[in-house]
Amino acid sequence: MIRPSLTIVTLLTAVLATSCSHKTVSAPMPKPTAFGAAIVETSGGKQIAETGSLLPQPVVVQVNDAQGNSIAGALVEFSAVPGVTFDPPNGLTDSSGQVTTNVSLGGVAGRYQIVAGTFDRSHKKIDLKLEEIALSYQQALGRHLNNQYCDRCHNPESTVERVSNYDNLEVKPHPFTEGDTLNKINDADLTAIISHGGPALNKSALMPAWGNTLSKSGIDALISYIRAVSDPPSREAGPVYAQN
Amino acid sequence: MKDKLTSLWQILFGDSVRAFGVVSLIFLVSLAIAPAKNYFSEWRHYQHGYLRMIRNRSDANTLQRHFAGGVQQVWLPDLGVVDRCTSCHVGLKEVSLADVPTQPFRTHPVIPHKLDQFGCTTCHRGQGAATTVAEAHNSTLAWEQPILPARYIESSCGECHRGPLPGTPVLNQGRNLLSRYGCVHCHTVKLPDGSGMKATDDPPSLSHIADKTTREWIYAWLKDPQAYAATATMPNFKLSDEDARDMSAFLIANSMPVPGDTVALSAKPSTDPAAGTSLYGESFCASCHAVQNAAGNLVGGDVGPELTRVGNKVRPEWLQAWLRNPRTYDPPTAMPHYRFNDAQVATLSAFLLAKADSDLLANVHLEAATPEQIAHGKRLVSDYGCASCHEIAGIKKPEAFAPELSHIGSKPITQLIFLPGMPHTLPDYIAGKIKQPRAFSPGLKMPQYAFTPAQIDALTTALLSLNDRSNTLPPSLAVAAVSESDYKPAGKAGKLMNDLACFSCHRINGHGGDMAPDLTWEGSSVQREWLVRFLKSPGTLRPALIRRMPRFNLTDSEANELTDYIMTVYQSPSVDRDSMPLSGYSPGQVELGKQLFYGKYACQGCHILDSKRDKGYIGPTLTQVGSRLTAAWIYQWMKNPQALRPGTTEPNRAMNDEDARALTAFLMSQKGAGESEVARTKR
Numbered sequence: 000m001i002r003p004s005l006t007i008v009t010l011l012t013a014v015l016a017t018s019c020s021h022k023t024v025s026a027p028m029p030k031p032t033a034f035g036a037a038i039v040e041t042s043g044g045k046q047i048a049e050t051g052s053l054l055p056q057p058v059v060v061q062v063n064d065a066q067g068n069s070i071a072g073a074l075v076e077f078s079a080v081p082g083v084t085f086d087p088p089n090g091l092t093d094s095s096g097q098v099t100t101n102v103s104l105g106g107v108a109g110r111y112q113i114v115a116g117t118f119d120r121s122h123k124k125i126d127l128k129l130e131e132i133a134l135s136y137q138q139a140l141g142r143h144l145n146n147q148y149c150d151r152c153h154n155p156e157s158t159v160e161r162v163s164n165y166d167n168l169e170v171k172p173h174p175f176t177e178g179d180t181l182n183k184i185n186d187a188d189l190t191a192i193i194s195h196g197g198p199a200l201n202k203s204a205l206m207p208a209w210g211n212t213l214s215k216s217g218i219d220a221l222i223s224y225i226r227a228v229s230d231p232p233s234r235e236a237g238p239v240y241a242q243n
Numbered sequence: 000m001k002d003k004l005t006s007l008w009q010i011l012f013g014d015s016v017r018a019f020g021v022v023s024l025i026f027l028v029s030l031a032i033a034p035a036k037n038y039f040s041e042w043r044h045y046q047h048g049y050l051r052m053i054r055n056r057s058d059a060n061t062l063q064r065h066f067a068g069g070v071q072q073v074w075l076p077d078l079g080v081v082d083r084c085t086s087c088h089v090g091l092k093e094v095s096l097a098d099v100p101t102q103p104f105r106t107h108p109v110i111p112h113k114l115d116q117f118g119c120t121t122c123h124r125g126q127g128a129a130t131t132v133a134e135a136h137n138s139t140l141a142w143e144q145p146i147l148p149a150r151y152i153e154s155s156c157g158e159c160h161r162g163p164l165p166g167t168p169v170l171n172q173g174r175n176l177l178s179r180y181g182c183v184h185c186h187t188v189k190l191p192d193g194s195g196m197k198a199t200d201d202p203p204s205l206s207h208i209a210d211k212t213t214r215e216w217i218y219a220w221l222k223d224p225q226a227y228a229a230t231a232t233m234p235n236f237k238l239s240d241e242d243a244r245d246m247s248a249f250l251i252a253n254s255m256p257v258p259g260d261t262v263a264l265s266a267k268p269s270t271d272p273a274a275g276t277s278l279y280g281e282s283f284c285a286s287c288h289a290v291q292n293a294a295g296n297l298v299g300g301d302v303g304p305e306l307t308r309v310g311n312k313v314r315p316e317w318l319q320a321w322l323r324n325p326r327t328y329d330p331p332t333a334m335p336h337y338r339f340n341d342a343q344v345a346t347l348s349a350f351l352l353a354k355a356d357s358d359l360l361a362n363v364h365l366e367a368a369t370p371e372q373i374a375h376g377k378r379l380v381s382d383y384g385c386a387s388c389h390e391i392a393g394i395k396k397p398e399a400f401a402p403e404l405s406h407i408g409s410k411p412i413t414q415l416i417f418l419p420g421m422p423h424t425l426p427d428y429i430a431g432k433i434k435q436p437r438a439f440s441p442g443l444k445m446p447q448y449a450f451t452p453a454q455i456d457a458l459t460t461a462l463l464s465l466n467d468r469s470n471t472l473p474p475s476l477a478v479a480a481v482s483e484s485d486y487k488p489a490g491k492a493g494k495l496m497n498d499l500a501c502f503s504c505h506r507i508n509g510h511g512g513d514m515a516p517d518l519t520w521e522g523s524s525v526q527r528e529w530l531v532r533f534l535k536s537p538g539t540l541r542p543a544l545i546r547r548m549p550r551f552n553l554t555d556s557e558a559n560e561l562t563d564y565i566m567t568v569y570q571s572p573s574v575d576r577d578s579m580p581l582s583g584y585s586p587g588q589v590e591l592g593k594q595l596f597y598g599k600y601a602c603q604g605c606h607i608l609d610s611k612r613d614k615g616y617i618g619p620t621l622t623q624v625g626s627r628l629t630a631a632w633i634y635q636w637m638k639n640p641q642a643l644r645p646g647t648t649e650p651n652r653a654m655n656d657e658d659a660r661a662l663t664a665f666l667m668s669q670k671g672a673g674e675s676e677v678a679r680t681k682r
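Protein chains in written order, with numbering that gives the first Met the number 0: chain A, 0 to 243; chain B, 0 to 682.
Simulated from the structure, these hints should not be mistaken for lab results. No experiment lies behind these values; they were computed from the predicted model shown. Watch out, some of these pointers could steer you wrong.
Derived list of chain B stretches under chain A, where covered just means 3 residues or more per stretch with a C-beta under 8 Å from a C-beta of chain A [as the list claims (entries may be wrong)]:
1. 105 to 111
2. 164 to 170
3. 449 to 456
4. 614 to 624
5. 647 to 658
Heads up, the beta-carbon is just placed ideally off N, CA and C, and yes, glycines get one too.
Chain A on its own, in the form it takes in the complex (with noise of 0.2 Å):
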């Protein structure tokens, strides 16, 4: 008996390739109807997840011609490192000119790049990249931490749910994806900032100690998140893009 294909996006996926000599039985590719000249993000992009689920919110891109406006049937594929998989890989693009998918990031913590690629009328193959990021258990454990403690000063943006103190304060703190300035704050000073208050390096007393708040490994977990999300990204981080 021959066991069928199997597919296992798993830490090991590049190993596995090797070893895995059945393929998945991938669908046809769709044959385009229209061409476009350029592809654009609609939405989807830097979107933050814990390793190996989906991305909150799907995928859109848009396929427009050179004078900007969208193209319908135009063909849309996606591709990334293995391990990224894509609900659906490919796709026409719809009477909006739009292609939706479903992203799930791969089994390693890092920045994952995805790229639409689509083929304008001399089939030259025209990309968008898309930058994302994958959490590991420390670092989601510490956005966990973020949006119960911190999120309400240091991120500007409000939501329906969560309006951000950031207007309210004298003193502006700086929110986490700011990677110029907070990629230069070693990991003992943030410590210290976080557990005795901002007058512990000569900062602002709006930032509250809360080192008898949180515990020690918290505390790491945060600035593990910190560094994950900052942009630029932050070299302690790892490396730019995980290979997965």
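Mind docking chain B on chain A? Use the hints.
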């Protein structure tokens, strides 16, 4: 040909010496096969690769020292773990190898558990004892447990951890969905501690449904629940027109009226067109009910049903009776009994009835039902197991209507029937079954749910955690969930709290919702006069919150009854509210407290104390805090807020006694506008 063979025979075995030599050679070669196989084994290849990789690194010496050659094994008899994964994954414990881009040499990400205590397969599944890549990771002829894909990895946390963890959002969501979408009404899920998983949805009783709605609406709802409300948890049974017709006929014919659940009001709705909107807003209906706005986004909570098209559903006279007192129709409902007057009921019901979609029932035309149709409808209602979720007069709740799922995470692959093209793994099977149950066989009764891909992943994760290991785990390893207590307040106040559905939002003594603050120690925290006033007319405490305490139009005696009970019963053993005075602090102490408030502790970042100058709105507004809280509570709160309310955002400043006293004095001096009012009532 024959000559050639003969001469070969001659060359090899021509004489006894020659034959002996050749046989010895063959014997030696065959003896060498086993050591050679060992020498060329995959794990040795990876260990050589590892040594080559670390040679050029700056920390080569340290890594070399940690390296142990040969087959490595983690053996944990308690867990049934024999894991040789570390034979190839050599660098799992080396923190410095985080920059290695690919496996097998990358370090393991930081997790709360140690490799030596849990092994690898406890979390990742796969064949621990195997020493080849294929046998360890894939299912083979001899072994069928493949590696668990990373997207379902949290299921392994759920084998031991039976409650929600901050680090496992997917598992938590999946478990909630199993309860909230009523999966456990039909599927039994026995938890390892012997209890059964309980449903948290509250499917309405259908025994009196004719009072509430029309047969046309039932028909449309049965055909496609999500067409009425996108958030509906009721699944789509893909009924034919005839089946939906007959089932709706039966449900209407079977319904018995409830006395008092329909009233004809004499009061007319307010002539002000904005009155309904403002009453809906003031009553904070949106804390529990969602409505789709013009942009198509849902606004509001998910405790109660979505109201976008409620005008298509309910009979006006039923809605009015419901708004007047929902407990007449459904005694245990989560909806509070607002004490609306008739004019308010008329205004609010007119506002809600206008929420209708003229297209929804436009094409539903049903002839009067025949007895045959009703009988057929009854048969269908039994066959589809409607009574598993809904109470229906005359139909018994079926026992074990659907397969038990207590061990679904260990179901052998050989017992599964896969769809063509589907990868043959258990997670793919479970996810496929949830996504499109009837694709597996058109005759299946399991209905079509409207789950998003993320919800399907979460459900699959939760189901995979229900497996043989979770059921046979040594008790020392299991981390029990904090179970919901069955606390019920007693007496008249208890009845009142039930009538007002306090527990739909508030938690007390481990029972109740989490939308509003925990009131277990409210009696130690607040002053009596403030509480009476707040219950009668709730003001804004936290300006940034969109969900707030509604006004229940309580009478004086009701507000006093409730306050007396809260002040007497809900007291903290660590806060004696009479140990510190409510006023009379020295001006010096108050001034020192003010300096600490604005200087050292910078409280204005999150709290508004002086509404002209402070802007922070994370914590409650403190303009009248001296009339609201007790001094003893404030003092203890300064010392350690988490001890009084676990999980509160306020950081623990580990304040010394002097600072805590000064801040208490300052805050108690903030009597606000409420002071004069309190003073007046006292006089």
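Here is what the structure says about each hint:
no. : hint       : verdict
1   : 105 to 111 : holds (count 5)
2   : 164 to 170 : holds (count 4)
3   : 449 to 456 : holds (count 3)
4   : 614 to 624 : holds (count 4)
5   : 647 to 658 : holds (count 5)
In this structure, none of the earlier numbered hints is contradicted; all agree with it.
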